[in-house]
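Asks: Based on the provided sequences and hints, a complete structural model is requested.
Numbering (this note's numbering), first residue to last: 59 to 185.
Hints are computed from structural coordinates only; laboratory data are not their basis. Keep in mind that the hints are not guaranteed to be accurate.
Using 20 Å as the maximum straight-line C-alpha spacing, the simulated SDA-like pairs for lysine to any residue come out as follows [claimed, not checked]:
1) K77 to I90
2) K89 to R72
3) K77 to R107
4) K77 to K60
5) K69 to K89
6) K63 to Y103
7) K69 to V97
8) K87 to R107
9) K69 to Y103
10) K87 to H68
11) K77 to D100
12) K60 to R107
13) K77 to K89
14) K89 to V75
15) K69 to A93
DEER-style ranges, computed between Cβ atoms [said to hold, decoys possible]:
16) F83 to L166: 36 to 46 Å
17) I147 to E67: 51 to 61 Å
18) I64 to E146: 21 to 31 Å
19) K60 to L176: 20 to 30 Å
20) V97 to L176: 11 to 21 Å
21) I162 to R72: 41 to 51 Å
It should be emphasised that the depicted structure is a prediction, and the values quoted were computed from it without experimental measurement. Idealized CB from N, CA, C, for every residue including glycine.
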Amino acid sequence: MKNVKIEFEHKLLRCDVSKGQLTFFHEGKEKIVNADIIVGADGVYSQVRTGIMRMVKYVLSPPFLYRKLTCRMDFSQSYIDCMWCELEIPASDTPTEWGGYKLIPERLHIWPRGNFMLIALPNNVSP
Numbered sequence: 059m060k061n062v063k064i065e066f067e068h069k070l071l072r073c074d075v076s077k078g079q080l081t082f083f084h085e086g087k088e089k090i091v092n093a094d095i096i097v098g099a100d101g102v103y104s105q106v107r108t109g110i111m112r113m114v115k116y117v118l119s120p121p122f123l124y125r126k127l128t129c130r131m132d133f134s135q136s137y138i139d140c141m142w143c144e145l146e147i148p149a150s151d152t153p154t155e156w157g158g159y160k161l162i163p164e165r166l167h168i169w170p171r172g173n174f175m176l177i178a179l180p181n182n183v184s185p
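Replies: Set out below in structure tokens:
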């Protein structure tokens, strides 16, 4: 895609959806980027989601009713009770029956453990 630019090593500090403006921290300083379209894939503490939620503004009008000014939006946020932990098991120094792998490489290995499970995808990474 010629009109899409992907940047790495940029921390998103602020997202102003109404202006289409993103403020990043890169190489020790702030960098402002203007965008026509903003796609939020910035994780659980999303600055994009926060920017969208801030765009919805309300005013108090008599008799004490809130009236929406900018846009119609419903949002909620909830956290799931799980976590991700990555373990590294280095490849074998000596040949095994599966080459350098300690586990069969063509298989997804799953070990159920009560209310969680361990999942392994073998990588042939030398120690």
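Asks: Against each hint, give a clear statement of whether it holds in the structure.
Replies: Hints versus structure:
1. K77 to I90: 12 Å, holds
2. K89 to R72: Holds. K89 to R72 sits at ~11 Å (cutoff 20 Å).
3. K77 to R107: With Cα atoms ~15 Å apart, K77 and R107 stay inside 20 Å; holds.
4. K77 to K60: 23 Å, violated
5. K69 to K89: This hinted pair holds, its Cα atoms lying about 10 Å apart.
6. K63 to Y103: Violated, at roughly 23 Å.
7. K69 to V97: 15 Å, holds
8. K87 to R107: Roughly 23 Å between the alpha carbons, so the hint for K87 and R107 is violated.
9. K69 to Y103: 12 Å, holds
10. K87 to H68: 10 Å, holds
11. K77 to D100: 19 Å, holds
12. K60 to R107: 27 Å, violated
13. K77 to K89: 15 Å, holds
14. K89 to V75: This hinted pair holds, its Cα atoms lying about 16 Å apart.
15. K69 to A93: 16 Å, holds
16. F83 to L166: 36 to 46 Å: 38 Å, holds
17. I147 to E67: 51 to 61 Å: Check failed, 29 Å falls outside 51 to 61 Å.
18. I64 to E146: 21 to 31 Å: For I64 and E146 the Cβ distance comes to about 27 Å; the hint holds.
19. K60 to L176: 20 to 30 Å: Violated, at about 43 Å.
20. V97 to L176: 11 to 21 Å: For L176 against V97, whose Cβ atoms are near 33 Å apart, the range 11 to 21 Å is violated.
21. I162 to R72: 41 to 51 Å: 48 Å, holds
Comparing the model with each numbered hint stated earlier shows that hints 4, 6, 8, 12, 17, 19 and 20 do not hold.
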